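So the sequences go chain by chain: A and B.
Per the numbering used here, the first sequence runs over residues 1 to 272.
Per the numbering used here, the second sequence runs over residues 273 to 619.
Calculated directly from the structure, the hints in this document are not laboratory data.
One or more of the hints may lead you astray.
[What the hints assert, rightly or not] Over 10 angstroms on every C-beta distance to chain B, these chain A residues come out as not near it, computed from the model:
| hint | residue |
| --- | --- |
| 1 | V22 |
| 2 | L48 |
| 3 | V107 |
| 4 | G132 |
| 5 | L136 |
| 6 | L155 |
| 7 | V197 |
| 8 | L204 |
| 9 | E239 |
| 10 | L242 |
| 11 | S268 |
[Stated by the list, open to error] Per label pair, the in silico range of CB-to-CB distance:
| hint | chain 1 | residue 1 | chain 2 | residue 2 | range |
| --- | --- | --- | --- | --- | --- |
| 12 | B | K404 | A | L54 | 22 to 30 angstroms |
| 13 | A | L54 | B | A365 | 23 to 31 angstroms |
| 14 | A | F257 | B | P405 | 49 to 57 angstroms |
| 15 | B | A365 | A | G243 | 26 to 34 angstroms |
| 16 | A | R34 | B | N306 | 13 to 21 angstroms |
| 17 | A | F257 | B | N306 | 30 to 38 angstroms |
| 18 | A | V131 | B | R400 | 45 to 53 angstroms |
| 19 | B | R308 | A | G51 | 47 to 55 angstroms |
| 20 | A | A63 | B | E422 | 53 to 61 angstroms |
| 21 | B | G507 | A | G199 | 35 to 43 angstroms |
| 22 | A | W18 | B | E422 | 25 to 33 angstroms |
| 23 | B | P405 | A | L142 | 46 to 54 angstroms |
| 24 | B | Q401 | A | W33 | 22 to 30 angstroms |
Being a predicted model, the structure only gives us computed values, none of them experimental.
In this text, a Cβ means the ideal position worked out from N, Cα and C, and glycines have one as well.
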Amino acid sequence: MASQAASIATSQRRFHWWLPYVAVLGMEWRQTWRGWLFRLAMVLIAALAIGYVLHRAAIHHQAGIVQSAAAVLAEVLQAGLVLGPTLMVLLSAGVIASERGTLADSVLSRGISRYAYYLGKWHGRLAALLVGFLLLGCIVVLLTWSLLRSADLSLTGAMLALALEASVLAAVISMGVLFSTISLSTAMAMLLTWVVVHGIAALLWITGLTSTAALRSPILTHVHPQGLWLWMPMLVRGEYELGVVLRAIGWAWLVAFGAALLGLVHFSRCDV
Amino acid sequence: MAFVPTQAGRRRIPVPEEVTALVETQHLTKIYQNRRIALNDVTLRLEPGAVLGLVGPNGAGKTTLLRLLLGLHRPTAGWVKVFGQYMTPNAAALRRRMGYIPSHPQFPRGLTPIAYLDYMGRLFGLSRQERKPRLAALLRAVDLLEVSGEPIAGFSHGMMVRLALAASLINDPELLIWDEPTHGLDPEARRSMLELIKNLSQAKTLIVSSHNLSDVDEVCTQVAVLSDGHLIYSGSLQDLRGKMRGRQFELELEGDQKAIAKVLQTVRGLNEVRQAQLRQKRLEIVLNDNGLTSTALASIFMALSDNKVDVLTVRSAGQPTEQAFLQLVEQEESRGFARAWSYREAA
């Protein structure tokens with residue numbers, strides 16, 4: 001073994017600077033999809049969402065009580081708006097914290113910069129979770145549309161509502177990754193992210209209830225939880241202004257990038 | 273003057289411009305969250321081609337030093353240079369030329385050795401044409417070819433160490449940093465590991481941390497001794513052994529018990545002898561630091577001869593490196609507050 005291994009370690013090599021980032025991104029994507037928590041969450045959400053739509057469709061077809069496709073879809077999306085952030089906190093806060101001092105050693109001691117590692121982790125987890133969410137969302141939209149077939153449902157509006165919710169979740173995921181770099185354990189990262197995300201949501205909700213002026217401000221209108229909640233039924237019915245929706249999506253992504261930037265700066269300077 | 277990156281930010285401190293050492297640290301200090309001093313003012317130089325053995329008791333700061341050399345940790349004060357450049361968390365180009373085995377290697381669950389080494393190769397930016405043949409050859413070299421398609425999760429500790437060894441060589445590094453590579457290995461695997469270090473040392477520079485001083489004695493050309501985060505010795509193994517002037521010897525005697533007891537009294541009276549004690553017919557002697565060992569032994573043998581006591585065996589107690597190490601640590605601990613003065617002198 002000794003002489004063989006020693007003789008192998010003598011040849012020349014060339015480096016591709018982008019490969020480490022792609023390697024971490026690919027590994028993160030695979031690990032997320034193979035994770036038991038992610039799979040369990042996907043199965044539970046699919047069962048709940050599809051089960052609810054089928055239940056309402058059964059009422060529509062069997063009992064003859066007309067069900068509005070837009071109303072059913074809006075309810076599913078509103079549920080996603082309430083439960084989604086907590087689920088995303090659980091799925092994103094351990095991305096770096098769980099590997100610190102153990103698995104991260106075998107990666108960060110190689111030819112990869114902290115920036116490439118962080119971006120690979122963030123992009124990998126973000127892509128896996130959002131693709132999972134959008135996949136389920138599209139299935140629910142198509143199922144609702146095909147089973148209930150009411151004229152009040154706008155497919156474009158539904159897709160925009162999905163995109164908006166995905167953007168909000170992207171902001172939550174990015175915060176999860178940010179707190180994952182700050183915390184020394186997964187549990188602490190989850191707790192911190194959950195408290196911050198829900199604290200901000202609660203603060204905005206209270207502000208919205210007590211001050212109508214605050215709701216009119218450009219930032220709060222677009223990312224305000226109360227605003228989003230009330231917005232969903234209108235969006236799926238096609239009652240929206242595209243510019244406003246795109247602005248809201250933009251704000252959510254701005255928060256996501258801001259959180260990621262903070263995490264990147266911190267992670268590039270901290271001990272692992 | 274040059275800017276030096278530390279945890280506290282970039283500071284302007286005097287730094288010598290000419291650097292020929294492969295690894296160099298200056299006043300390297302690591303304090304964790306103002307709670308624990310893991311490393312204290314370590315100044316170290318390692319020339320290309322050397323094999324440095326890093327030894328010290330548990331918690332001496334060996335792993336912290338290695339992690340600082342790799343940029344996994346940032347120094348609280350002082351600096352680290354590898355290949356003549358400052359090591360930082362983002363110095364990927366420097367780490368591409370280094371190979372590392374952590375003390376307790378861990379791997380992503382579910383991956384096979386092939387997938388893992390391929391991942392490691394990509395982390396080093398190696399193209400498919402380079403990494404695939406290389407990982408195959410390394411798996412064969414470390415005897416993991418037969419299990420190369422099985423999940424790592426079911427591997428024994430020895431197999432994991434061998435996989436970590438392959439991972440540390442995948443990029444053909446110039447500098448190898450191995451943290452306790454023989455820890456937990458069976459005698460055969462340990463022997464193979466030591467042979468590998470000897471072979472690699474012909475072409476590469478190695479830093480090997482170990483608890484096993486006989487390993488260090490066998491493969492290292494230089495040694496650095498850490499105690500409580502402080503570097504108490506750095507230099508060649510020969511010099512370290514030379515520090516052991518008060519050597520210990522064990523003499524197995526044959527003769528009348530009364531005569532042996534008389535010899536003990538005579539030996540205890542010798543100036544060269546610091547300590548002598550008798551265990552049945554075995555005479556244990558510790559010599560003083562000053563004076564020649566041969567003179568002391570000559571006096572002891574004279575006493576034995578005068579009392580008609582024969583010698584069955586003469587043995588140097590323990591291994592020289594181990595003795596020197598233990599003595600160094602003991603001396604360091606016994607110096608007490610005097611260390612503060614030597615620190616000022618060094619500064």
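Now for the hints, and whether the structure bears them out:
no.	hint	result
1	V22	violated, 7 angstroms
2	L48	holds, 28 angstroms
3	V107	violated, 6 angstroms
4	G132	holds, 19 angstroms
5	L136	holds, 24 angstroms
6	L155	holds, 39 angstroms
7	V197	holds, 26 angstroms
8	L204	holds, 34 angstroms
9	E239	holds, 47 angstroms
10	L242	holds, 41 angstroms
11	S268	violated, 6 angstroms
12	K404(B) / L54(A): 22 to 30 angstroms	violated, 49 angstroms
13	L54(A) / A365(B): 23 to 31 angstroms	violated, 57 angstroms
14	F257(A) / P405(B): 49 to 57 angstroms	violated, 41 angstroms
15	A365(B) / G243(A): 26 to 34 angstroms	violated, 46 angstroms
16	R34(A) / N306(B): 13 to 21 angstroms	violated, 40 angstroms
17	F257(A) / N306(B): 30 to 38 angstroms	holds, 33 angstroms
18	V131(A) / R400(B): 45 to 53 angstroms	violated, 26 angstroms
19	R308(B) / G51(A): 47 to 55 angstroms	holds, 53 angstroms
20	A63(A) / E422(B): 53 to 61 angstroms	holds, 56 angstroms
21	G507(B) / G199(A): 35 to 43 angstroms	violated, 57 angstroms
22	W18(A) / E422(B): 25 to 33 angstroms	holds, 31 angstroms
23	P405(B) / L142(A): 46 to 54 angstroms	holds, 47 angstroms
24	Q401(B) / W33(A): 22 to 30 angstroms	holds, 28 angstroms
Checked against the numbered hints above, the structure breaks hints 1, 3, 11, 12, 13, 14, 15, 16, 18 and 21 and satisfies the rest.
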